[in-house]
Each structure stands twice: as structure tokens, then as C-alpha cells.
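> Sequence:
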Amino acid sequence: MATYKSDFLNILSERGFIHQVSEPDVLDARAVEGQITAYIGFDCTAASLHIGSLLPIMMLYWLQQTGHRPIALMGGGTTRVGDPSGKDESRRILTENDINNNLVGIRAIFSKFLKFENAGGNAIMSNNADWLNKLNYIDFLRDVGKHFSVNRMLAFDSVKMRLERQQELSFLEFNYMVLQAYDFVELNKLYGCTLQMGGSDQWGNIVSGIDLGRRMNGAQMFALTAPLITTSSGAKMGKTAAGAVWLNADMVSPYDYWQYWRNTEDGDVVRFLKLFTTLPLAEIAKLAALQGADINEAKKVLATEATALVHGRAAADEAAGTARKTFEEGTFAQSLPTVEVARATLEQGIGVLNAFAELTALVSSNGDARRQIKAGGLKVNDANVTDEKMTLTAKDLTADGAIKLSLGKKKHVLIKPV
RNA sequence: GGGAGAGUGUCCCGAGUGGCAAAGGGGGAGGACUGUAAAUCCUCUGGCUACGCCUUCGUAGGUUCGAGUCCUACCUCUCCCA
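All residue numbers for the first sequence refer to our numbering, where the first residue is 1339 and numbers rise by one.
Take every hint as true, because none was put in to throw you off.
Cut-off 30 Å, straight-line C-alpha distance, at most; resulting in silico cross-link-like pairs (DSSO-like, lysine-lysine):
| id | residue 1 | residue 2 |
| --- | --- | --- |
| 1 | K1749 | K1663 |
| 2 | K1747 | K1733 |
| 3 | K1748 | K1733 |
| 4 | K1343 | K1527 |
| 5 | K1748 | K1727 |
| 6 | K1717 | K1742 |
| 7 | K1712 | K1754 |
| 8 | K1343 | K1624 |
| 9 | K1754 | K1742 |
| 10 | K1742 | K1663 |
| 11 | K1453 | K1527 |
| 12 | K1727 | K1712 |
| 13 | K1612 | K1638 |
| 14 | K1749 | K1717 |
| 15 | K1343 | K1612 |
| 16 | K1749 | K1450 |
| 17 | K1527 | K1472 |
| 18 | K1727 | K1749 |
| 19 | K1343 | K1453 |
| 20 | K1749 | K1733 |
| 21 | K1754 | K1663 |
| 22 | K1754 | K1733 |
| 23 | K1450 | K1638 |
| 24 | K1742 | K1727 |
| 25 | K1638 | K1754 |
| 26 | K1472 | K1484 |
| 27 | K1712 | K1742 |
| 28 | K1733 | K1663 |
| 29 | K1638 | K1742 |
| 30 | K1748 | K1712 |
| 31 | K1748 | K1638 |
| 32 | K1712 | K1663 |
| 33 | K1612 | K1450 |
| 34 | K1638 | K1747 |
| 35 | K1527 | K1450 |
| 36 | K1747 | K1727 |
| 37 | K1663 | K1624 |
| 38 | K1624 | K1612 |
| 39 | K1450 | K1663 |
Hints in this document: simulated from the structure, not taken from any laboratory.
Between the sequences and the hints, there should be enough to build the whole structure, so can you do that?
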């Protein structure tokens, strides 16, 4: 592992964030001399960011923590185009309205990791729609387009792959890389931003920006990419059966978020502790020494720390407590996800199928509920459901005043009368 | 503009002779084993008021007792020629 002189690169390097760096020595020296400004671009294709975006966010976090200035660039303009990198097919093109709505949700997440001006920090949130939307096509071609070689663009992996697979690549998408390069140059001009970070798939786009900056303004700029994070078993991170693991609490509850990290594979725990928590490396080293079943302790730390970053310490501790009661003590946790039901409805009785499928959505349909019953996967108050005609009534309320429905061993929902 | 192909189980890939709720994977869910892990094994993976009914193979029509499969038009994509 290369050793750097700057805190910034050292920390990123030790914690496993670095895949490739352009001119590492020069960048390192710059970071020692004074404050550098760096940016990462984010899509706004959804109303929230998910775990996949967490890695770049952490890079900005460490950037600020080591005394530099982070810029979170919202792709309000480029989202209207769509990045072909790593995509087999064209993205859906969103309307401007959708994009603006998404921006609002995403902003909220950033403020948990970065200190912006209004919170006494120096972080900047920018939106490339501010300059991209104003571009004049002819001017842009003349000033920027002349610096791009189509021959070279065709050689880029993202483009080459599409061509080789005989998948269409529209001119619109082909321009994505040009726009991203232009973003970098624009941020360089506006804020003196000299470093762009991103996932390893962004290398080509970032380097294009560096070239463009040199040609247009003689600027010296840098690239730093993070490795693509997959789980030990090779799966992409952040997807579960229910969909992406979002960072917004109203899309994925802190409890579920905690559970996501709790279920990390053994082989990933240490790597994830370094990447997705801010625990000192010395402490992580202690946790790394754990073997066998004791690794579960490390997983709990990972879950709690990672949850605390996104949802706050209180929510993280509550999630940890709920999990402890539910899984280790086998007792009732009032803080499990809860569905409220009118008392009168409960008096009349609720069919199990209905309770699992519609009320709590633990399963996707009545048919699915039947299948799970057959497979022994549904439980009411920890007792297996064997009869699909079973009815839940007020009699099933436990001493704690709720009925606990479970799918498998891990998913639990409480029904409470109101 | 001309010619040749492609679009399949609303996650993805992918077989499919006129009888098809449609092979096989991947992914996912549950069970067994465990440590809320991995690996392995087993089961399941359209919906419903359920021995029946309804909805699915790009879209809309048609032929047929019967269409994913045949015909027509259209849409989208790919390739070749202009």
C-alpha cells in the first residue's frame, strides 16, 4: 500500500477507498500544501440515494474531515441525458419536474455527512443544470467539442461495450462524457476544484475532464476512483428482495437498515467497517481479530455505526435494541415495525392470509401466503401457522397488547389495535 | 428508402413442433444445517371469491374447435445495402 504525506490520501488509502489515482505524488503534495477542492457527481434518478452512493459520500466526508472542501454535484442537467457507463440499455429519461423533486430528497441526506455553509462548514452543493441548461449548441461545439476526438471516445470501454454488443448508443448518451468533462472544467473555474472522485467506472469520464481542462485553460486536475464494491459472493451491494436499500428513513426504516448491515457476510465485515463507518482503524483491527461466531459482535458494531451515520445515534441504538430483544432474548420488542388496526376489525376477526398479504405486506399475495404456510414460513406469536383458514382475533393479543406476525426467522411485524 | 433478423413468465438471461400457466438457468423467498454469516441440500417463485375461473409471450386485428407458435398491419431495436 502506498504511503502518502497527506492525511486525506492516507486515510482513503488505509480504509480501502482508492482504486486509481492520477499523478498521486503531485496530488499528495497539493493536499499537504493547502486546501484542495474536490467533487463527486450524483445522479438524481430517484428520490433518495441508496447504499451504492454511500461510498462516494464517505469519500467526501473524509475529504472534509481532513481539512479540504467537498462539492456534491447534483446531476440535474446530466440526468436528462443518462450515463452509458455500466449500463446495457438506455436509461429512462426523466422530466425536469421529477428531477427537481428527487433533488430535494437527496439534499437532505448529504447534510448528514457534510457540513455546508449554513451549518458552519465549507461544503458546497452544486447543480450542473445551472450551467448545462444554458449552453448554446454552436458555442459549445466550437469551444468544447473541438477538443474531443471521436476516435478516442469510441475506444472508451463504456462505448466500446455497447458497440460490440450491438446495442444502440444514442448520440444523446454519447455526449454524456463530454458533459461530464465540461462539468469538471466548470467547477474548476467556479470553485478552483482540482480533483474529481468517483467509482472505478468513472475513470474514463474523469480523465476526459482533466484533458479538457488542460486544453481549455491549462489547468492541472486530478482523478481518484474507488473500487467497485461487491459482496464476497460477488453480488452488487444494496439490493434486496424488497428493492434497493435507500438511505431515506421513509423508504427504508432505520430498523431495516440496521438489519441490512447486520446480515453482512463474514468476509466483508472488516472491509465494510473501514468503508462505511468512521470507527478508528485501531478499533476495527480489534474487531477484525474476532473469529467464528464472535464475528457477529463485529457485525453488530458495523450495523449500529453505519446506521448512526445515516439515521442518527438514537435511531441506531433503538434498532440495535429491537434486534437484541427479538433475536437474542426472544422477547417482545414494541419497537418492531408496526401496523395498526381498528379494534372493531380485530374483534370481527382477520383471516391469516389477509393479515400477512394485505395488512402487513410480509408476503406479496394470498397465494404467496399459502405457499409460505405450506413451507412452514409463517408464524403468529412465534407459533407456526398450519391452517390457512385461521382467523386472528382479540384473543391472539399477547400480554403486550399486540400480535406478532413473522415471515421466516428474520422479518417481523406487529399488529396493534387502535 | 431497400433487404435480413429480433422482441417470451412485468427482476434478468433464455428454450419453445398449433393443445401452454409455457423447458432450463440466474436472482429471490421459505425450510434443514448454523452464528440473524457463507457453503451445501430440499421446496417454492402469475392472480383469484381456487378440484374451477381470470390474466400472461412487443401492439392491434385475423385464420382455427384451439395461437407464444400460422396470416396481416403497426411499434421498437439490431445488422447489411443505399
